[in-house]
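With the hints as extra help, turn the sequences into a complete structure.
Heads up: the sequence lines are chains A and B, in that order.
With our numbering, the residue at position 59 of the first sequence is 59, and numbering never jumps.
With our numbering, the residue at position 183 of the second sequence is 407, and numbering never jumps.
Note that these hints are calculated values from the structure, not bench results.
Be a bit skeptical, because a hint or two may be false.
As the list claims (entries may be wrong) - Computed from the model, here is a short list of chain A residues facing chain B with C-beta under 10 angstroms:
1) I42
2) P52
3) H153
4) G187
Small disclaimer: the values here were computed from a predicted structure and weren't measured.
Don't be surprised by glycine CBs; every beta carbon is placed ideally from N, CA and C.
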Amino acid sequence: MQHCTISLSGETLFARATGALWWPAKRLLCVSDLHLGKSERIARRGGTMLPPYETRDTLTRLEAEIATLDPACVVSLGDSFDDGAAAHGLGADDRAWIARLQRGRRWVWIEGNHDPDLTGIGGVHLHSLPLPPLTFRHIAVPGEAGEVSGHYHPKAVLSLRGKHVSRPCFLHDSNRVILPAFGTFTGGLSWADPVFRTLMRAEATAVLTGPMAHAIPVPRTRSA
Amino acid sequence: MATLPPLFTDWFAARGWSVHPHQRQMVEQADAPALLLIAPTGGGKTLAGFLPTLAELADGAHKGLHTLYISPLKALAADIRRNLSTPVAEMNLPIRIEDRTGDTTATQRKRQRADPPHILLTTPESLALLLSYEDAPRIFAGLQRVVVDEIHALAESKRGDQLMLALARLQTLVPGLRRVGLSATVEDPAAIARFLARHPDPCAIIHADPGPDPDIAMLRTDAPPPWSGGGAAYAIPAVLEQVRRHDTTLIFHNTRAQAEIFFHNLWLANDDALPIGIHHGSLSREQRTRVEAAMVAGDLKAIVCTGSLDLGIDWGNVDLVIQVGAPKNVKRLVQRIGRANHRYNAPSKALLVPANRFEIVECVAALDAVRARDLDGDPRGPGPRDVLCQQILITACAGPFEADALFAEVTTAGAYAALSRPDFDACLDFVATGGYALTGYDRWQRLKQTDGLWHLRDPRAARQIRMNIGTIQDTDKLKVRLKNRRGGAPLGEVEEGFAATLTPGDTFLIGGEIVRYENLREMTVEVTRRADKRPKIATFGGTKFATSTQLSQRILRMFGQDDWPELPDHTRAWLHLQRERSRLPEPDRLLVETFPWRGRHHLCVYGFAGRNAMQTLGLLVTQRMEAAGLNPMGFVATDYAVLIWGLTPVTDPAPLFQGDDLRDGFETWLAGNAVMKRTFRASAVIAGLIDRVSPGQRKTGRQATFSSDILYDTLHKYDPDHVLMQITREEALKGLVDFGRIEEMLARTAGRIDHVTLNGVSPLSAPLFLEAGRVPIKGMATERMLAEEAQRLMQDAGLSQMMEDTA
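Here it is, written out as structure tokens:
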């Protein structure tokens, strides 16, 4: 299965196995937490020098999604760049690549906590994007409805006949959907983390990404 | 030539001791640049190592650090300090002795750097850390000697490689430094000598009197061992009887799981309530310390243990060593036997307990090897380059360096003597710039070159580098605690992978207790005690050693005999039957049997390449069978054979074992293999690409950290020839994949394949069928079913006449 269909505020959305969200009615493609330039930021901060290929890999996968779906609008839900300097530190090739992807469609960068300053990169920069009945923002706000957000990098962790499986996942309930991170160098936060207990309703569903999309109910938290 | 001062000879005389010849030789040759002492345990080895130091320091003229002592165990450093304080106090020598390990307080460490003692006792990791400080030249000024204890153990690991690179650095700081190595009995002393000495310096070797031959035998029991399995439960009564008859017995096992199971069974049968303890690496430190203390106090009659007691404190009152399960490796067996009877010139007493029928053959072969003093060991190959990368980082922390000088320095370490300049430069480039095909970090290099000297771009990076020093792999372990018991000592640790397989209600053994898995809470496995049930699983931790090449060869040569009077009758008859029905494997040929059984076609390959290589061979051959449409369904591997089953008969097995095809298949298979990812992770941490993660960080790191598998996949996709990918491959080949031994098998048999087609299970392959259902323990019902299954299988194999003795 390439996607699982989910419903939010009456709208039909496809949670894709790639980790992107597709809104067919608006031909809108939404990805979250690209963290472009992450290896550059870590090197700059005096950390280790990770393989500098994550921008190329992330853009390659994003390009494939755009080629498949031909969206009218692309929304990047924040933390698109690992920090402001990472956006400015992007190579000329990568800038040209992004500009090529943007051509002929609307492109919205939602501001995340990592990238408040995105001057110099094409596209519209917004704090949040209301498209009734849905709202796109970086971090989920408790009590909101029809909300599409990212930030937390949720991942599903489960044991299948003794085999440990961990996959980035969408979390979905009647009020919101939280997207997995689309960036290559991104870890995840377990779906069992207490933060999701306060944000998500008890009957939340996860859509696991990977070779195929699988919808699995989020396990009810044990009394711990 | 130095002699021992009268003060010392008087002290020996006063204690009623005589100076051992090797102790005298150590003093006489104290000026040698490198000196290796090979001595059995209990031969006064440590004192021999320190006598020259004590003699040189006796007049109180030396200022600052004189001797550095390095041991693989923190506990040993503390123990040696206590032991040395006796002669120092009794001879009233003006000598300050201190230890420095991960347990030393920050204040103490600071003081040691400002004012080093005469003798500093430490570990390879603490030494590497000291060398990363800018004031290292001042700390080590005046250093005369370095004593490396248990060098035979260090020489087998990356810790030893790191230590030797550290000694190379020390030697640059203090050119006159003399090196001393203390080793247990090894198969190739010259190799250890090359490892110790500054290349190409010579290294004198002193052999202490090895003492009398050990008194070693195979335990004969009324009940013969079962056809397969590793529990050795049949031997419990006989082992208890031996424990009763001796003062203190060490009962060694090859894996932690086997030790737990055996300990559990021992207690069930221990009607006299003999005090018996358990000791292995998965138990909590508190628990291990308690057992060690009870042992020193003489409160225990026996300890069930694993390799965790291969090294360490000498216990004088151990008078028997029992090895349960085939020893796999003759050298380790000899070193274990040496743990018994530490009185010099008294024979060590040891018993081997084969866990199954095939292990009888292996035990007899090992006994022959011990009697012939024919030890085994595989040469380790060139020094690993991930350790070299770390050494470059450590060097940069201490101050600017010149590439030529550092290359000259590291190639004085024996394991790195053959390191090529391009290979070195690739490591330096990796450390400095990341070494990627895509140059991304012009501005953010880790090391910069200024006026020909390499230095840290950002000196603050030194802190992070220091936190990552060391080569010990911490597999992710989780603590096991009793539920609803706040505080208190944990029961032990299990590997994260094992914890992931547990579902609430599963029971397993830890520290000899059966516990029930309840839940995972904040990276702790919570359990409750279950006294009433048999454990379901106990498969955590522990390295599975492969039978050594030499021991495998001995077994193959034994198979060539006309008869085996040295074997018990049941085992002897088994081999005769194999010869009659099929044939026995030969050293220079590859025996392949094919036969139908229970509607499946079976193929059994007697490669004798050790467990890891046979496992790899099984993967490769089934992959080729799959491609050839032979429908393989599964396989099981042991140290000597791999048994494959499937739906289609194999009529011509020879093409499956063609070297070039196997190698091609191996390359493809290796790249996507989990072993590679695990190896990559270990090497990436050592080489400084990713940080060592402490449990605390893991909890708070949240989404900031991501799996090293992603890095591996990224490099594999975009930069497959990156130096770290090369290193990963080099390391994987040596380790779990062990393709080297498949190569050895292919070279040895050179296409001489004996294909025997049979109507049913062959006698030698029969035990492999029982391996197939291998789960270490299940309740008695399973035991009975297994026994019935065993009986039926044996009947099919024509072994029923021998079944009476297993009934």
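A quick look at each hint next to the structure:
With its C-beta approaching chain B no nearer than about 9 angstroms, I42 (chain A) sits inside the 10 angstroms limit, and its interface hint holds. The beta carbon of P52 (chain A) comes within 3 angstroms of a beta carbon in chain B, closer than 10 angstroms, and the hint placing it at the interface holds. For H153 (chain A), the interface hint holds, the least distance from its beta-carbon to any beta-carbon of chain B being 4 angstroms, beneath 10 angstroms. Checking G187 (chain A) against chain B: minimum C-beta separation of about 3 angstroms stays under 10 angstroms; hint holds.
The structure shown violates none of the earlier numbered hints.
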